[in-house]
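Q: Chain by chain, the residues:
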Amino acid sequence: MSAPANEAVFQDKIDQDIRIEPKDWMPEAYRKTLIRQISQHAHSEIVGMLPEANWITRAPSLKRKATLIAKVQDEAGHGLYLYAAAETLDISRDEMIGQLHSGKAKYSSIFNYPTLTWADMGAIGWLVDGAAIMNQVPLCRASYGPYARAMVRICKEESFHQRQGFEILLVLSRGSEAQRRMCQDAIDRWWWPSVMMFGPNDDASPNTAQSMRWKIKRFTNDELRQRFVDVSAEQIKLLGMTLPDPALVWNETRQHYDHGPIDWEEFRNVLNGNGPCNKERMAARVQAHADGAWVREAALEHSRKNAARQSVQLEGVA
Amino acid sequence: MSVQALIDYTLHLGDNALVLGHRNSEWTGHGPILEQDIALSNIALDLIGQARNWYEYAARLINGGGGKEVTEDVLAYLRDSRDFRNCLLAEQTNGDWGKTVLRQFYFSAYQFYFYGALEHSRDKELAAIAEKSLKEVTYHLRWSSEWVIRLGDGTEESASRMQRAMDELWTYTGELFVPADYERKLSPAGIGVDLAAIRPLWEQRVREVLKAARLESGEGVWMQTGGKQGKHTEHLGYLLAEMQFLQRAYPGCEW
Amino acid sequence: MTANNTISNVISGDKGSWPLWEIFIRSRQGLDHKHVGSLHAADAAMAIENARDVYTRRMEGISIWVVESKFIHASNPDDAASFYDPANDKVYRHPTFYDLPDELKHM
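Residue numbers (the working numbering), protein chains in the order written: chain A, 1227 to 1544; chain E, 7 to 261; chain U, 109 to 215.
These are computed hints drawn from the structure, not numbers from a lab. Please read these numbers as outputs of a predicted model, since none were measured by experiment. C-beta atoms are modelled at their ideal positions from N, C-alpha and C, and glycine is treated no differently. Careful, some of the hints might be misleading.
Stated by the list, open to error - Derived CB-CB ranges, DEER-like:
| no. | chain 1 | residue 1 | chain 2 | residue 2 | range |
| --- | --- | --- | --- | --- | --- |
| 1 | E | LYS217 | U | ALA152 | 35 to 43 Å |
| 2 | A | ALA1534 | E | ARG128 | 49 to 57 Å |
| 3 | A | ASN1495 | U | ARG136 | 46 to 54 Å |
| 4 | E | GLU240 | A | HIS1327 | 48 to 56 Å |
| 5 | A | ASN1500 | U | ASP186 | 25 to 33 Å |
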């Protein structure tokens, strides 16, 4: 088949909501965009383990400690599922990790903010995971089969993350004066970065249209952001706390909440490496990978030795 | 048999599990590869789950004597290192992946035979928790044995790292089988485990795995003791300072 | 796949790249093993254990199969027309093709 004919068949499948599978013909740009999107998402899961792992050893009760370990462990799993989905597009996990470590690949800039108090575990669960879920649920219907299947698994597991986060905040909001302060402070620090998680405004997001045509993005950044703001503005009432946006008001005409202007200057800066923790996060990842090199090598060497010994034994039998 | 001995015994088991689980959880997010990060976090979760079961039982025993209500978190977060009765082995720092898996192997092998015996305790609660925990420990032992073998019989570098880990940790293995006073009280009554009976099983298992790993065991090394009686290495104080920080800084709060 | 791995080893300077494995899980007795995803492991024994930790944390399975990905052979999607379309007009393979009286029971 000629390239234009291939392209037509491909787009036709997507329009009919037929999934694209690894060995199917696909435009090179589709493959590349998917690799970028999926690996960025995987990197975000892996780097995202760090700010929360930061509090595992200081979790204030055994129940919280167990829950937090399980949650961070899930994130490792999510990173793994996503790397595996990307690996079906002819790129290895090593190569993707190399891109992360060299700074060539990006990850969600939210994880470059520090976790300063225990309440941050609550705020991350409620706001950051909440925003992530908004983004991820529609991707369960993404056009690329392995990606959509990974997202289904991830969304199933994510549901407990947001709930545990909100519960942490709920307990703090009903606690001592110091705990309520801690709660409000965490919400104040995590609100705007969470709102920015949806990415630039639609008019500044040139690739959105193509990605939507390919159905690897199902709603625009601003649509998802609006949905997140609407939901959060209601949920905060249960906590008796406030969101740090004086311009946040219900708009009767639009039937949505209006919100204040987003500081895109900060967003770009954090994205470009000037966030409070960019360097620490990357250093921690690179170190873990480097420290693990001898372990991975030894495991492989051992299995080679084992295989060699077995084949010698087999020859002995024959 | 005194209730106090049973309380001490149960706390000792809880402290072992909590301290080692805590150490393992320090790896979460920093493992050598995602798959193993997840594996070790699972072991951490199992151990913390065991600790909660032991503490919950200890709290019930303590509360039975009247006085201020005690919970699993009071036991974990409001005792100082002199009151912790875990073995010294459990509190040793993680070091590299080799030291961590070797510590896990020594400990899991001990827990494996220990729980296997405790399953038959005349105290139904001890027996039930031991039975449940044994399933988890059986897997920990398999996982850690394989890693010790893999690294001992891997590359030159991994073998020398494992030999170094052996040199660091062997001295803390003797304590596992030196009974504390509360163990001596409970063992003849058929409630606690007779450590002398499980010691040869542990030694046999360790010999087999080290042989498969082509590693030399540290025979004849002086053995450190004291953890079971609350005399710890300096490491435990730092571990507790970190772990107990919030409960200490904000006393009496719900979390 | 193998060539690709070698290239990436050079890029990342990592000599210890574990191969990729495909994981199949039987979720309960009586059901087929179903492909659930993939992971990396140094050998088959480790792949099974990794699968246990990665894919059955929430009691998703009772039996695990692992196959190193490079040993999976797949049909070519370009053959789809010649492979699968001919089955389209063979409705006689399906039980509903046969028009039988309602009184007929147990069939």
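Q: Each of the hints needs a verdict: does it hold here or not?
A: Consistency of the hints with the structure:
1. E:LYS217 / U:ALA152: 35 to 43 Å: With Cβ atoms ~23 Å apart, the hint is violated.
2. A:ALA1534 / E:ARG128: 49 to 57 Å: With Cβ atoms ~51 Å apart, the hint holds.
3. A:ASN1495 / U:ARG136: 46 to 54 Å: holds (51 Å)
4. E:GLU240 / A:HIS1327: 48 to 56 Å: violated (35 Å)
5. A:ASN1500 / U:ASP186: 25 to 33 Å: With Cβ atoms ~49 Å apart, the hint is violated.
Hint compliance for this structure: hints 1, 4, 5 are not met, and every other hint is.
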